[in-house]
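From first to last, the protein sequence lines stand for chains A and B.
Taken in order, the first sequence gives residues 263 to 585; the numbers are from this note's numbering.
Taken in order, the second sequence gives residues -14 to 375; the numbers are from this note's numbering.
Read the hints as simulated data drawn from the structure, not as lab findings.
Keep in mind that this is a model prediction, so the values were computed, not measured.
Heads up, the beta-carbon is just placed ideally off N, CA and C, and yes, glycines get one too.
You may find that some hints are simply not true.
Computed list of chain A residues with no C-beta within reach of chain B, every gap over 10 Å [claimed, not checked]: (1) Lys273; (2) Thr288; (3) Gly313; (4) Gly395; (5) Ile400; (6) Ser474; (7) Tyr503; (8) Val571.
Heads up, simulated BS3-like pairs for lysine-lysine below, C-alpha to C-alpha not over 25 Å straight-line [claimed, not checked]: (9) B:Lys90 with A:Lys581; (10) A:Lys359 with B:Lys9; (11) A:Lys287 with B:Lys190; (12) A:Lys273 with B:Lys192; (13) A:Lys287 with B:Lys90; (14) A:Lys350 with B:Lys190; (15) A:Lys286 with B:Lys319; (16) B:Lys9 with B:Lys168; (17) B:Lys190 with A:Lys286; (18) B:Lys325 with A:Lys287; (19) A:Lys471 with A:Lys350; (20) B:Lys203 with A:Lys292; (21) B:Lys265 with A:Lys580; (22) B:Lys192 with B:Lys90; (23) B:Lys14 with A:Lys321; (24) B:Lys192 with A:Lys583; (25) B:Lys263 with A:Lys292; (26) A:Lys359 with B:Lys265; (27) B:Lys168 with B:Lys263; (28) B:Lys14 with B:Lys203; (29) B:Lys203 with B:Lys192; (30) A:Lys286 with B:Lys90; (31) A:Lys580 with B:Lys325; (32) A:Lys292 with B:Lys265; (33) B:Lys168 with B:Lys265; (34) B:Lys9 with A:Lys286; (35) B:Lys325 with B:Lys265; (36) A:Lys287 with A:Lys359; (37) B:Lys325 with A:Lys286; (38) A:Lys292 with B:Lys14; (39) A:Lys292 with B:Lys90; (40) B:Lys319 with A:Lys273.
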Amino acid sequence: MNLTIFEQLHKQGLISVQSLERIKKTESEKLFSIHWELRTLLYLGVLLLTGGLGILIYKNIDTIGHQVILALIALLCAGCFFYCERNKPPFSFEKVKSPNVYFDYILLLGCLTLLTFITYLQVQYNVFGDRYGLATFIPMVILFFCAYYFDHLGVLSMAVANLAAWMGIAVTPLKIFKANNFADAQIIFAGLLLGGLLVLMARFSIIKKIKSHFSFTYLNFGMNILFISCIAGMFHFDSFYLLWLVPLIALVYYFYRQAIAMSSFYFMLMLTLYAYVGISYVVTRLLLFDNIGTTYFTFMYFIASGVYVILFLIRMNKKLKMQ
Amino acid sequence: MIVYTENSLDRLMINEEAGIALRKQLISKSEYDTVAAAHAVDLYRPNIFIRIGLFLATVLILPMSFSLLMLIAGGAFDSNTGYFVVCLIFSFFIYLTLEWIIRSKRHYRSGVDDALLWLTLGFIISAVNIFTGITPLQQSLLFFTLSLAATIRFANSVMSSVMFFSFIAVIFYSITPLGNIGKSILPFVLMSISVIIYFIVQIYKNKNAIRHYRYCLKMLAFLSLITTYAAVNYFAVRELSNLVFDLHLPAGASIPGGWFFWLTTILIPPLFIFRALKTKDSLMLRTGLFLLAATIFTIRYYYSLAPVEVVMTAGGLILIVATYFVIRYLRTPKYGIADKEPEDEDMQDSLQLESIVIAETFQKIPVPGAGEGFNFGGGSSGGGGASGEY
């Protein structure tokens, strides 16, 4: 903190002597904290160690044997859950603060080793056979349970990703474009269904006051999946692309209301971008309907619509800030 | 000089400082409110998400306008010189818009001004590159002149990094034609220039007259530390002289004076870390840690001491044990160094971010690449420089 600024503020009579003294005292006693550096190093160490051990085991699989490795993973997993169970704060439907810094990471490690264990069983011993649904369903249930039981947003995200995997989609934001080509009508409708379900979950968490701080995660996943499925539907069902404007506009309206209600700039930006992509697709297709003369209008459309987006965002910024 | 009214920027700074003091509960809410009312900020600074949206929309509009202009009137200039002049005139108009939007609409890091600034430079530089044959030296001089002017005028920290790198490029391209002497003194010249820049920044960083450039100075300090190391890093020197100066070294052969570069490669990061702990400079500490990783990679690149998994396992183990003991040792602060969570961190936001990051990281099968995970926060002072979280 800049002491001269506060001295000036004091001279102008805006802050009291006590406050100034307090600031000076804090500033003179200020310690150099290397908290985040140490945490990053610790995290890095864990990454290196697990990576290194993983390769070591992989290279020596013949001498170690699968059972031993499975037993080790199970032991690690059980240990993590044992620790979490011993140290967890009492359950509540409200938000619960984690007891210490390590708790969250140990729970995460437990869930990850659990997933590894189940995958290992399936790959090596084909436990679930061809019932792949079951192989994703069981970890999904466990993850959802852990997320609610131990109150962990990261585990919740993993559970939602697993739910999507169960429904046939990989939902993690980065992979959403790479892994799915969206050429499949089935996937598009599954996406709409999943997105709708997640949005309902978000509402449900708030209304029933069951872990209401989870609603952001649900709504975020739900919004992205719904919009992307909707725009993908527009591209895929070529002859009905105009029809897809209806659900798109309905979604925009719904999330606009949500964004206003939560004063969320993030949702406002996302809905603007998705709506812009969808509407611009329709407009360019209408304008460029095998007629090169309309190229002028296409450019003009982009200029005018860009200006409108700017004005809209500026207005929304004001509106959301007022709340 | 700077395009913004200094008074507005001062008010902004006072508000930010008062905000920090409020979060640390050093001043009361009513005191904060009186300060904020007495020093009301008259700059237009939208929320970060709105800023992203405004940036994207502006980046969409201008090339579209340019294309439309070319479509309508493109036939009129049928020579390259004509196009060149039109591009320059267009970038001049973008610049005028930028000045206007800042001076009369009072935009400050709003997304619109960011986009206009980068588009101005983008148009000039692409026009020069497309329509004129330009040597690398002239190119870096062009970059340097433009980014220097833009940094002084708009105090943009990302722009100051462009300025820094183009300055290094100017030095590089002016020394290399000097023949063998030039090539052999190049690392030392680059290193000394970086060190000089670092110390100049250290001297001036707290000067009141240039307070509005503080993020630029921070960026320059960070980059000059990096280039100080990179200029005399064994890997950089060897591979660069091989590549650029056609040295044709056989694999395994060392460069002349190789022992010296090994010495600097190994010594500089610990030196940074030591000095950072002594002067309590977190920027330097993070840079030092990051460079330590670079040194380890450099050594492993030339000398394979053990298979990678053994190095990873042992290194991970050493790191965990060492950090564990440091954390225990620092349970009570020693020498003014502590292991305490910084108070002015917006925990709510970082928690929600964390859940996204976790979903991102762990959905993939972990790739055993030691290269991952070295993302220290060293560069976070960039990002347009306005976010204020460095």
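The hints, checked one at a time:
1. With a least CB separation of 12 Å from chain B, lysine 273 (chain A) remains clear of the 10 Å interface cut-off, as annotated.
2. Against chain B, the non-interface label of threonine 288 (chain A) is violated: not every CB pair exceeds 10 Å, the least being about 6 Å.
3. With a cut of 10 Å on Cβ distances, glycine 313 (chain A) falls inside the contact zone with chain B, its closest approach being about 4 Å.
4. Here glycine 395 (chain A) stays apart from chain B, with its beta-carbon at least about 19 Å from theirs, past the 10 Å limit.
5. The Cβ of isoleucine 400 (chain A) lies farther than 10 Å from every Cβ of chain B, with a closest approach of about 18 Å, so its non-interface assignment holds.
6. Separation of serine 474 (chain A) from chain B is adequate, the least Cβ-Cβ distance of about 14 Å exceeding the 10 Å criterion.
7. With a closest Cβ-Cβ approach of about 22 Å to chain B, tyrosine 503 (chain A) is found to remain outside the 10 Å limit, as its non-interface label requires.
8. Non-interface status of valine 571 (chain A) relative to chain B is broken: a Cβ of that chain comes within 10 Å, the nearest being about 4 Å off.
9. Proximity of lysine 90 (chain B) to lysine 581 (chain A) is assessed by CA-CA distance (about 18 Å); at most 25 Å being required, the pair is judged to hold.
10. Taken as a hint, the lysine 359 (chain A) and lysine 9 (chain B) pair is honoured in the structure, with Cα atoms around 21 Å apart against an allowance of 25 Å.
11. Between lysine 287 (chain A) and lysine 190 (chain B), the direct Cα distance comes to roughly 24 Å. Compliance with the 25 Å bound is thereby established for this hinted pair.
12. Proximity of lysine 273 (chain A) to lysine 192 (chain B) is assessed by CA-CA distance (about 22 Å); at most 25 Å being required, the pair is judged to hold.
13. Restraint check for lysine 287 (chain A) and lysine 90 (chain B): the C-alpha separation of about 40 Å exceeds 25 Å, so the hint is violated.
14. The hinted pair formed by lysine 350 (chain A) and lysine 190 (chain B) fails the criterion: a straight-line CA distance of about 47 Å is larger than 25 Å.
15. With a C-alpha separation of about 21 Å, the suggested pair lysine 286 (chain A) and lysine 319 (chain B) falls inside the 25 Å cut-off, and the hint holds.
16. A C-alpha spacing of about 53 Å is found between lysine 9 (chain B) and lysine 168 (chain B), which places the hinted pair above 25 Å, so the restraint is violated.
17. Straight-line distance between C-alpha atoms of lysine 190 (chain B) and lysine 286 (chain A) comes to about 21 Å, which keeps the hinted pair within the 25 Å bound.
18. Only pairs whose Cα atoms come within 25 Å are accepted, and lysine 325 (chain B) paired with lysine 287 (chain A) is accepted, the gap being roughly 18 Å.
19. The suggested pairing of lysine 471 (chain A) with lysine 350 (chain A) holds, with an alpha-carbon distance near 21 Å, which does not exceed 25 Å.
20. Note on lysine 203 (chain B) and lysine 292 (chain A): the hinted pairing holds, with a Cα-Cα distance of about 21 Å set against a maximum of 25 Å.
21. Annotation: proposed proximity of lysine 265 (chain B) to lysine 580 (chain A) is violated, straight-line Cα distance about 41 Å (limit 25 Å).
22. Restraint check for lysine 192 (chain B) and lysine 90 (chain B): not satisfied, since their Cα atoms lie roughly 29 Å apart, outside the 25 Å limit.
23. Among the hinted pairs, lysine 14 (chain B) with lysine 321 (chain A) is inconsistent with the structure: their alpha-carbon atoms are about 61 Å apart, more than 25 Å.
24. Proximity of lysine 192 (chain B) to lysine 583 (chain A) is assessed by CA-CA distance (about 35 Å); at most 25 Å being required, the pair is judged violated.
25. The hinted pair formed by lysine 263 (chain B) and lysine 292 (chain A) meets the criterion: a straight-line CA distance of about 15 Å does not exceed 25 Å.
26. Of the pairs offered as hints, the one joining lysine 359 (chain A) and lysine 265 (chain B) is violated, with about 32 Å between alpha carbons and a cut-off of 25 Å exceeded.
27. Straight-line distance between C-alpha atoms of lysine 168 (chain B) and lysine 263 (chain B) comes to about 36 Å, which puts the hinted pair past the 25 Å bound.
28. Taking the CA atoms of lysine 14 (chain B) and lysine 203 (chain B), the gap is about 31 Å. The hint is violated against a cut of 25 Å.
29. For a cut-off of 25 Å, the pair hint linking lysine 203 (chain B) to lysine 192 (chain B) stands: about 13 Å separates their Cα positions.
30. Proximity of lysine 286 (chain A) to lysine 90 (chain B) is assessed by CA-CA distance (about 37 Å); at most 25 Å being required, the pair is judged violated.
31. Proposed proximity of lysine 580 (chain A) and lysine 325 (chain B) is contradicted: the alpha carbons are some 37 Å apart, above 25 Å.
32. Of the supplied pair hints, the one linking lysine 292 (chain A) and lysine 265 (chain B) holds, its CA atoms being roughly 11 Å apart against a limit of 25 Å.
33. With a CA separation close to 37 Å, the supplied pair lysine 168 (chain B) and lysine 265 (chain B) exceeds the 25 Å bound.
34. Among the hinted pairs, lysine 9 (chain B) with lysine 286 (chain A) is consistent with the structure: their alpha-carbon atoms are about 13 Å apart, no more than 25 Å.
35. Our distance criterion of 25 Å between C-alpha atoms is met by lysine 325 (chain B) and lysine 265 (chain B), whose separation comes to about 14 Å.
36. For a cut-off of 25 Å, the pair hint linking lysine 287 (chain A) to lysine 359 (chain A) is broken: about 31 Å separates their Cα positions.
37. Distance hint between lysine 325 (chain B) and lysine 286 (chain A) is fulfilled; the C-alpha atoms sit about 20 Å from each other, no more than 25 Å.
38. Note on lysine 292 (chain A) and lysine 14 (chain B): the hinted pairing holds, with a Cα-Cα distance of about 22 Å set against a maximum of 25 Å.
39. For the hint linking lysine 292 (chain A) to lysine 90 (chain B), the alpha-carbon distance of about 40 Å lies beyond 25 Å, and the restraint is violated.
40. Note on lysine 319 (chain B) and lysine 273 (chain A): the hinted pairing is violated, with a Cα-Cα distance of about 36 Å set against a maximum of 25 Å.
Comparing the model with each earlier hint shows violations of hints 2, 3, 8, 13, 14, 16, 21, 22, 23, 24, 26, 27, 28, 30, 31, 33, 36, 39 and 40; every other hint is respected.
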